[in-house]
Structures are given as C-alpha cells and as structure tokens.
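Visitor: Listed in order, the protein sequences are those of chains D and V. At position 209 of the first sequence the residue is numbered 209 (the numbering used here), and the sequence of numbers has no breaks. At position 168 of the second sequence the residue is numbered 168 (the numbering used here), and the sequence of numbers has no breaks.
Keep in mind that a hint or two might mislead.
[What the hints assert, rightly or not] Mimicking EDC-like on lysine to aspartate or glutamate, the simulated pairs with C-alpha atoms at most 16 Å apart in a straight line are:
hint	chain 1	residue 1	chain 2	residue 2
1	D	Lys-229	D	Glu-217
2	V	Lys-470	D	Glu-331
3	V	Lys-369	D	Glu-100
4	D	Lys-253	D	Glu-276
5	D	Lys-253	D	Asp-292
6	V	Lys-470	D	Glu-100
7	D	Lys-255	D	Glu-276
8	V	Lys-358	D	Glu-117
9	D	Lys-229	D	Glu-214
In case anyone wonders, no lab produced these hints; they're calculated from the structure. None of these values were measured; they are calculated from a predicted model.
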Amino acid sequence: MIRRAFPFSAIVGQEQMKLAMILTAIDPSLGGVLVFGDRGTGKSTAVRALAALLPRITVVRGCPVNAASPADCPPWAKVCCTETEERQTPVVDLPLGVTEDRVTGALDIERALTQGEKAFQPGLLAQANRGYLYIDEVNLLEDHIVDLLLDVAQSGENVVERDGLSIRHPARFVLIGSGNPEEGELRPQLLDRFGLLVEVGSPDSIDERVEVVERREAFETDPEKFAKKWEKRERVVRDRIIAAREQLGAIRKPKAVLRDCAALCMQLGADGLRGELTLLRAGRALAAYQSDKTLNRDHLRAVAGLALSHRLRRDPMDEAGSTARVSRAVEEVLH
Amino acid sequence: MNGVAATDSMEHAPWDRACLALHLLCIDPIGLGGITVRARAGPAREAFTSLLDRLAMRRISLHPKTGDDLLFGGIDVARTLAAGKLAHNPGLLSQGGVVIVPMAERCSADFAARLALSQDSGMHCLILLDEGAEPEEAVPTVLSERLAFHIDLGGIAFSEAAWPGEPDLREARDRYRGVVSAPGDKRRLVELAACFGIHSLRAPMLALRVARAHAALSGRSSVEETDMRIAAELVYPHRATIAPQRDDQEQTAPPEDSEAQAENGNMDSAEIPDDLIVAAVKAMLPEHLLDSSQGKVRGVGPSGTGAGLRKTGNRRGRPLPARPGRIDGRNRIDLLATLKAAAPWQVLRGTGIARHRKVVFYPSDLRQKRFEEHSDRVLIFVVDASGSTAVTRLAEAKGAVELLLAQSYARRDQVALIGFRGTSAELLLSPTRSLVQAKRCLAAMPGGGGTPLANGLHASAELAMQERRKGLTSMVVLLTDGRTNVALNGAADRAAAYDDAMKTAAWLRGQIANGVVLDAANRPGAQLQSIAQAMGAKYIPLPRADAQQMSAAIRATGLG
Numbered sequence: 001m002i003r004r005a006f007p008f009s010a011i012v013g014q015e016q017m018k019l020a021m022i023l024t025a026i027d028p029s030l031g032g033v034l035v036f037g038d039r040g041t042g043k044s045t046a047v048r049a050l051a052a053l054l055p056r057i058t059v060v061r062g063c064p065v066n067a068a069s070p071a072d073c074p075p076w077a078k079v080c081c082t083e084t085e086e087r088q089t090p091v092v093d094l095p096l097g098v099t100e101d102r103v104t105g106a107l108d109i110e111r112a113l114t115q116g117e118k119a120f121q122p123g124l125l126a127q128a129n130r131g132y133l134y135i136d137e138v139n140l141l142e143d144h145i146v147d148l149l150l151d152v153a154q155s156g157e158n159v160v161e162r163d164g165l166s167i168r169h170p171a172r173f174v175l176i177g178s179g180n181p182e183e184g185e186l187r188p189q190l191l192d193r194f195g196l197l198v199e200v201g202s203p204d205s206i207d208e209r210v211e212v213v214e215r216r217e218a219f220e221t222d223p224e225k226f227a228k229k230w231e232k233r234e235r236v237v238r239d240r241i242i243a244a245r246e247q248l249g250a251i252r253k254p255k256a257v258l259r260d261c262a263a264l265c266m267q268l269g270a271d272g273l274r275g276e277l278t279l280l281r282a283g284r285a286l287a288a289y290q291s292d293k294t295l296n297r298d299h300l301r302a303v304a305g306l307a308l309s310h311r312l313r314r315d316p317m318d319e320a321g322s323t324a325r326v327s328r329a330v331e332e333v334l335h
Numbered sequence: 001m002n003g004v005a006a007t008d009s010m011e012h013a014p015w016d017r018a019c020l021a022l023h024l025l026c027i028d029p030i031g032l033g034g035i036t037v038r039a040r041a042g043p044a045r046e047a048f049t050s051l052l053d054r055l056a057m058r059r060i061s062l063h064p065k066t067g068d069d070l071l072f073g074g075i076d077v078a079r080t081l082a083a084g085k086l087a088h089n090p091g092l093l094s095q096g097g098v099v100i101v102p103m104a105e106r107c108s109a110d111f112a113a114r115l116a117l118s119q120d121s122g123m124h125c126l127i128l129l130d131e132g133a134e135p136e137e138a139v140p141t142v143l144s145e146r147l148a149f150h151i152d153l154g155g156i157a158f159s160e161a162a163w164p165g166e167p168d169l170r171e172a173r174d175r176y177r178g179v180v181s182a183p184g185d186k187r188r189l190v191e192l193a194a195c196f197g198i199h200s201l202r203a204p205m206l207a208l209r210v211a212r213a214h215a216a217l218s219g220r221s222s223v224e225e226t227d228m229r230i231a232a233e234l235v236y237p238h239r240a241t242i243a244p245q246r247d248d249q250e251q252t253a254p255p256e257d258s259e260a261q262a263e264n265g266n267m268d269s270a271e272i273p274d275d276l277i278v279a280a281v282k283a284m285l286p287e288h289l290l291d292s293s294q295g296k297v298r299g300v301g302p303s304g305t306g307a308g309l310r311k312t313g314n315r316r317g318r319p320l321p322a323r324p325g326r327i328d329g330r331n332r333i334d335l336l337a338t339l340k341a342a343a344p345w346q347v348l349r350g351t352g353i354a355r356h357r358k359v360v361f362y363p364s365d366l367r368q369k370r371f372e373e374h375s376d377r378v379l380i381f382v383v384d385a386s387g388s389t390a391v392t393r394l395a396e397a398k399g400a401v402e403l404l405l406a407q408s409y410a411r412r413d414q415v416a417l418i419g420f421r422g423t424s425a426e427l428l429l430s431p432t433r434s435l436v437q438a439k440r441c442l443a444a445m446p447g448g449g450g451t452p453l454a455n456g457l458h459a460s461a462e463l464a465m466q467e468r469r470k471g472l473t474s475m476v477v478l479l480t481d482g483r484t485n486v487a488l489n490g491a492a493d494r495a496a497a498y499d500d501a502m503k504t505a506a507w508l509r510g511q512i513a514n515g516v517v518l519d520a521a522n523r524p525g526a527q528l529q530s531i532a533q534a535m536g537a538k539y540i541p542l543p544r545a546d547a548q549q550m551s552a553a554i555r556a557t558g559l560g
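Let the hints inform the model, and build the full structure from the sequences given.
Guide: Next comes the structure, spelled out in structure tokens:
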C-alpha cells in the first residue's frame with residue numbers, strides 16, 4: 001500500500017515551493033504554507049516527499065499524539081509504555097468532506113457501545129502533532145473545518161468539549177494547503193492566516209518538462225535505485241535543516257533590517273502586523289538555512305513574495321498580480 | 001500479431017479505438033490509470049463493459065454516494081454488537097482491482113478526492129462511466145486527469161460494436177517491461193503536449209507508457225513512429241486546451257501560453273514538432289476547441305459537473321430529532337438517543353451469551369444526529385418600467401416592492417432588483433440585505449420605453465442561476481402589464497417578443513424555486529397568464545390595486 005515517496009531534492013524546478021517548505025521545517029512557527037496552482041505541478045509530490053526528507057523524530061511508542069517523552073503523553077491516552085522509538089515526521093492527509101469528529105477526535109463509539117466506556121478516539125489533529133497536515137483542495141474544504149484547523153494550528157492545542165468529553169492535547173503541526181484558485185476562492189481572512197503563499201505553475205521550458213518526465217519515469221521503473229541515487233542530496237538538505245534549526249535563535253537582526261520589514265509592509269498596505277512578523281521569521285529561517293549569522297536585505301528580498309503576496313488589499317485599479325506588486329515594492333523600498 | 005492492435009492507420013472507428021485503448025490498458029492497468037468512457041447506458045456500453053473481463057483483475061463497483069466505511073473499511077456494526085468486541089470490515093479499496101464508477105459525472109468533489117487519493121496509492125485501475133448528457137456534464141478533472149484514456153461511445157450502433165479478437169495480452173505484458181524508447185521520444189511527447197496547451201505533466205508520462213504498451217502489443221521491443229502517433233492520438237485530444245497555431249497566428253494563443261513562450265524564446269522553434277502527429281491529434285480534437293481555440297471548456301470544476309449543488313449535509317445547523325442510522329464515518333451517532341432506544345429491551349436481551357454485558361445494543365438501536373440548515377432565499381423583483389406600465393402603475397409597483405422589502409428584511413431574505421424597459425434589462429440591485437440601498441435604488445428607477453419582457457426574464461434567470469451556485473434559493477416576483485413588444489434581440493416585434501418571453505420563461509422555471517406574476521394591466525390578458533404558466537409561477541391579476549393590496553396578494557402565495 002505504502003509506496004516509496006519521490007525524493008524531495010529530485011523535484012525539478014519549483015524552487016519557491018521547495019524553499020517555502022524547507023523554511024517551515026526550520027521554523028514551524030511560520031504558520032503554514034498555501035500552494036496555489038494547476039494540477040500536475042508536483043504539489044502533492046513535494047508534500048509527500050517531506051516525510052522522508054525531514055529529520056526523524058523520537059516518540060513514545062504507542063502514544064497517539066507522538067509525544068517526545070512519557071511525561072508529555074496526555075493522561076487520557078493511558079500510555080503505559082515508556083520506551084521511545086524513532087519515526088518519520090508524520091505527514092497526515094486530510095481528505096475533503098472529512099467530518100469534524102474525524103479531525104478533532106471524538107467519543108470512541110466502538111468502545112462506548114461494546115464496553116460501555118467513555119473513551120476518546122483521537123483524530124487527525126493528534127496524528128499530525130509534531131508534523132505536517134496536508135489538505136489538498138483547501139479552497140473546497142468546508143469553512144468551519146478550515147477555521148478549526150487554523151485555530152488549532154495557531155494555538156498549538158486541540159480542545160475537545162463535546163459528547164461529555166473534555167479533553168485537550170498538544171497539536172503543533174504545520175499546515176500545508178493546496179488548491180487551484182480557479183475552482184473556488186479562499187476567504188481573505190483565511191488567506192492571511194497562512195504564513196507563506198506559493199504560486200506554482202508547470203515548468204515553462206521544454207527541457208525542464210522533459211527532465212520531469214525522465215526523472216519520474218526513472219523513479220517509477222525502479223524506486224529503490226532512484227532513491228539511492230538521490231540519497232546523498234537528500235541528506236545534505238536534511239543536515240542543513242538540522243543545522244539551521246540550531247542556528248535559528250542566534251541569528252542577529254539589525255535594527256535597519258527590521259525597519260526595512262516595516263517599510264515594506266507599509267508600502268504594500270498589508271493589513272495587520274502578521275505580515276511583518278512572518279517576513280521577519282521567514283527571513284531569519286532563510287538566513288539560518290544559508291548559514292549566515294545576520295539577517296540582511298537579500299534574505300528579505302528572497303522571501304518577500306512568499307510572505308506578503310497574499311496579504312495585500314485588493315486594488316481593483318491595479319491590473320498587475322499581487323506577486324508583481326510585491327516585487328515592485330521590494331524594488332522601491334530595498335533599492 | 002492481431003489485427004486490432006497492428007492497424008497502422010488511425011482512421012479507427014470509435015469502437016476500434018475503444019477496444020485498442022482497453023487492450024493497451026490490459027497491458028499496464030495500474031500505470032495507465034484507466035479509462036473514462038463517455039456513453040449513455042446502452043448496448044455499446046454494455047458490450048464495452050463486458051470486455052473489461054480482459055483486465056483479469058478483481059472488479060469493484062462503486063457509486064458516487066458510497067460511504068467512507070465501505071470504501072476504506074470501518075467497524076462492522078452488526079458483528080461488533082453481536083460479538084461484544086470490535087470487528088472491522090475491510091474497505092472495498094483496501095484490495096487492488098478495477099474500480100468501476102457508473103454515473104461518474106455525478107461524483108462530488110469529496111468522492112473524487114478520495115478516489116484520486118486511492119488512485120495515487122497505485123493499486124487500482126479506474127473505469128469511469130460518464131453518462132453525462134450535456135456537454136457541461138463531465139467527470140471531475142481531478143480523476144480524468146489521472147487516467148490515460150478517454151473514449152466516447154456515443155453514436156455507436158450495436159451492430160458496429162463487434163466483439164474484437166483478443167490479442168495475446170500475456171505475451172504483450174511480458175514484453176512491455178523490456179520495451180525501450182529512443183531518447184528523443186520523451187522530448188517529442190513533451191513538446192507535443194505543450195503545443196496542445198496541456199499543462200499537466202502527467203499527460204506526457206501517460207503517453208510514453210501508452211506508446212510502450214502499443215509497441216508491446218504490436219510485438220515490437222522498441223517504440224516506433226506508429227506507437228508514438230497512436231499514443232498521442234489516444235492521450236492528448238481530450239486534454240488539449242488549445243488547437244496548435246501556426247507561426248503567424250501565434251499571437252492569438254491564450255495568454256498563459258504566450259506568456260510561457262515569451263519567457264522561453266527557443267520554444268517557438270520547437271513548438272510545432274512533428275507535423276504528422278500534430279495533424280493526427282488535431283483531427284481528433286473535440287469540436288469546441290477548433291471552434292473557439294479557447295481553452296478549458298469542459299469540466300473545470302473540482303467535482304463532476306453533473307453533480308448538482310452541494311447541500312451542506314448533516315453536520316451543522318439546527319438539530320433535528322435523531323433517527324435510526326448506521327456508522328459510516330460521515331454522520332454522527334447520537335449516543336443518548338441510541339441508549340434510549342436500547343434501554344427498554346435490556347431485560348429481554350440480557351440473557352444467553354450477552355449475560356455478562358452491562359448494556360446490549362443491536363444495530364437497529366443506533367441513532368444518528370441530524371441537522372437542518374436552511375439555505376438563504378433571494379427574492380428577485382423583476383419590475384417592468386416600460387412606458388405602458390409607468391404611466392399608471394409604476395408608483396404602485398414601487399410601493400408594493402418596498403413593502404415586500406420590509407418583510408423580507410424581517411425574514412433575513414436577500415433581495416435583488418431587475419428593471420426592464422426600452423430594449424434591455426438591467427440589474428439595478430445585486431442581492432443584498434440592505435433595505436436602505438434597495439429603497440434608494442427603487443426610488444431612482446426611471447420609466448419609459450418598450451416592454452422587453454423576455455430580456456427581463458433572461459436577466460433574472462441568469463441571476464437565479466448565479467445565486468443557486470452560491471447555495472441560495474431564488475424566487476421571482478415579476479410585475480408587468482404583459483404588453484411585451486420587444487424581442488430578445490431588441491427588435492420591435494410583438495409576435496417574436498411573446499415567443500421569446502415564453503421560451504425564456506421556460507428556462508427560468510428550472511432556475512427558481514417559486515414565482516409570482518403580478519399582472520398590473522388595467523385589463524388582464526391571457527398572454528401573461530400563459531407566460532406565468534410557462535415559468536411555473538402563480539398568476540395574480542391586480543386590476544386597480546394599491547400597494548397594500550398587492551403585498552397582501554403576494555403574502556397569500558406564501559412568498560413574501
């Protein structure tokens with residue numbers, strides 16, 4: 001059933017998308033990535049590849065919320081095992097049309113009926129703790145589920161108060177949504193709450209497209225061999241992510257660069273302060289990834305589009321897309 | 001080899017094409033994904049589905065409403081309760097096989113997403129039976145995009161659907177693994193896809209596999225020109241979004257494409273790669289593409305476009321009494337109601353093997369929660385502001401509408417206002433709850449000119465359709481004197497005007513839930529009555545009515 005995932009480093013092009021995912025792996029507090037684009041552009045492939053790419057995590061065996069130590073296991077789970085094991089970072093798929101019960105967890109009907117016990121059955125949020133939650137076609141998901149997800153993603157805790165249950169458990173995960181904007185818009189309130197936005201398209205050169213087809217073909221003919229071939233590059237990226245995570249706190253943020261952040265957001269008229277914060281954090285994560293010690297303008301320039309293009313007020317008079325507006329503002333402010 | 005496979009020219013009749021696609025699918029059912037079969041149920045489709053046996057895989061038939069518990073497995077409630085311990089049943093999709101989906105054009109986005117997910121797991125071959133009657137009804141792209149083939153069996157007579165000879169599939173399968181393709185082949189397929197405006201990279205990958213399968217089927221061990229052509233003909237036509245343009249017409253290509261070319265200068269020269277193959281694929285493009293050369297006509301949406309509107313189901317809204325149900329992963333069990341249902345029987349049931357259990361449930365006790373959610377209503381006022389009405393009745397009409405506005409405001413309905421006069425209709429007020437805005441708009445409505453009733457009906461039907469997509473129910477209140485004298489095309493022709501009005505009214509009927517026609521003429525006429533009938537609305541003649549009387553009449557119909 002489980003097929004080997006296509007290696008992350010073997011994805012052709014789509015640098016912005018890959019960068020966005022790496023940045024959230026370095027700093028999960030960035031708050032999720034939204035990937036907008038056509039079908040067949042490698043969105044799902046990239047997300048599924050993450051699980052294999054990211055450093056493995058240590059979890060208590062049998063713990064439903066992937067706790068790192070027995071002390072962190074929620075009491076309701078009644079985990080008696082104290083052994084830990086290493087596991088891949090969880091990447092959980094959230095299908096369309098999923099019920100709220102399935103997402104948050106609910107009363108365990110089976111146990112209630114057969115044993116007359118009141119027990120909690122953890123949902124997808126518990127499974128995704130310390131990992132990633134992937135929603136394909138997020139723009140088609142029912143609004144109340146999206147609200148719920150964003151709430152939990154932000155607070156890092158899932159609180160279930162229903163059916164006579166009162167349960168809370170940690171749910172710290174990075175939300176990755178993907179969708180095709182032609183098929184339905186995402187409300188601006190929700191857009192704003194995703195940290196980074198990437199717009200992907202099919203590669204526009206024939207050579208790149210041929211490369212995609214060739215790599216995919218090679219992968220499907222012999223997944224093991226293909227994975228081995230890319231193993232080394234995967235490890236390089238993984239090591240850089242681990243190193244960047246350690247570096248993250250030590251990155252210096254000069255006042256001048258903070259001023260640039262603010263100036264950029266003001267120039268664009270981005271609502272609220274989330275824009276500045278995300279820009280700063282994304283810049284910092286990038287600096288750490290490039291093993292720089294100080295945040296500088298180049299970092300901001302590289303992540304401005306990712307962090308800001310979905311936070312602009314819609315300007316009906318401006319024909320240019322939001323990405324173009326961001327790069328214009330970047331040129332004006334960070335000349 | 002066999003005649004079917006080795007046919008060199010692709011002057012294939014649709015039926016041969018279908019059989020060839022099926023045989024190719026037999027060679028690599030998982031890798032090629034499957035087939036979309038567009039045909040109404042009939043002898044040709046019957047003949048085709050009976051050929052599916054050649055796939056030699058387990059057949060699983062699903063319908064678009066199959067629940068999660070059946071698809072992916074879940075608790076077997078009957079066994080669980082009988083045995084007193086947990087029993088699971090395996091899902092239909094937990095084993096590999098051929099998944100057949102009839103009525104695939106009615107797939108909801110949810111169902112399509114689940115199937116796509118299982119398709120990605122690489123165990124299934126999907127046969128979508130698309131029974132769409134209208135061109136707009138099509139299988140969800142999220143699914144059809146993953147399948148190599150699309151065949152149309154429409155218009156194939158039973159006599160043409162001859163039983164094809166079976167090629168040696170086993171041998172072809174063995175050979176398939178070893179078929180080699182020239183290094184340039186991938187590039188050619190990618191270029192071809194690009195020149196038909198196919199953005200997804202799944203298409204060239206599928207085409208490459210089809211080419212190899214065709215080579216294997218024809219008894220060759222390397223891909224040749226014929227294989228490439230047939231692969232392109234089978235995989236590309238239904239995915240094309242543009243018909244390839246020659247150099248001088250390049251500018252007329254849709255924007256996204258010209259953008260792509262602008263960024264990569266050398267693409268132009270590579271744009272039209274193989275004239276022969278391009279011509280072959282071009283010959284098979286669906287008609288609408290050649291007409292307009294504008295892309296993405298069919299099946300843009302995420303769900304099957306024949307699915308109808310999605311009503312928010314049983315998860316939100318005002319709670320209703322629980323009713324017997326089962327655990328299928330989508331609805332919620334009402335535990336209290338279930339307990340209540342089981343309680344009276346405990347004494348009787350607590351015997352035999354169930355003696356040691358505290359509470360004994362039977363599957364029939366299960367109660368599921370239900371919720372009711374009303375969709376909002378839009379009241380569309382279609383007001384005749386022509387000269388003939390304006391003279392006598394427009395002021396009264398405005399008064400009536402204002403009264404209705406106040407009532408609808410109290411019910412949190414939305415209102416919209418369409419006025420028609422002269423040669424056209426105009427949406428004066430988009431659906432809103434703002435009473436002030438509606439009043440202002442109404443007061444400013446000018447009068448005078450001809451009576452283009454058909455235009456008014458047309459505009460309201462369009463609005464109703466638009467609102468229906470948002471999940472709102474539309475109701476139309478038409479106020480006119482019925483003296484229609486302007487046809488849809490703006491010509492002053494009474495007979496044509498009436499004709500057009502009748503036709504539009506019939507169309508409108510399908511878009512609205514309810515309607516009222518208020519005849520404001522001094523002498524009510526039979527014409528307007530038949531128009532009201534055509535749009536399925538209640539007809540109320542209102543000679544000499546004032547605003548109060550009008551609104552009382554509307555209220556009596558249960559609308560206002």
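Visitor: Return the numbers of the hints above that this structure violates; sort them in rising order.
Guide: 2, 6
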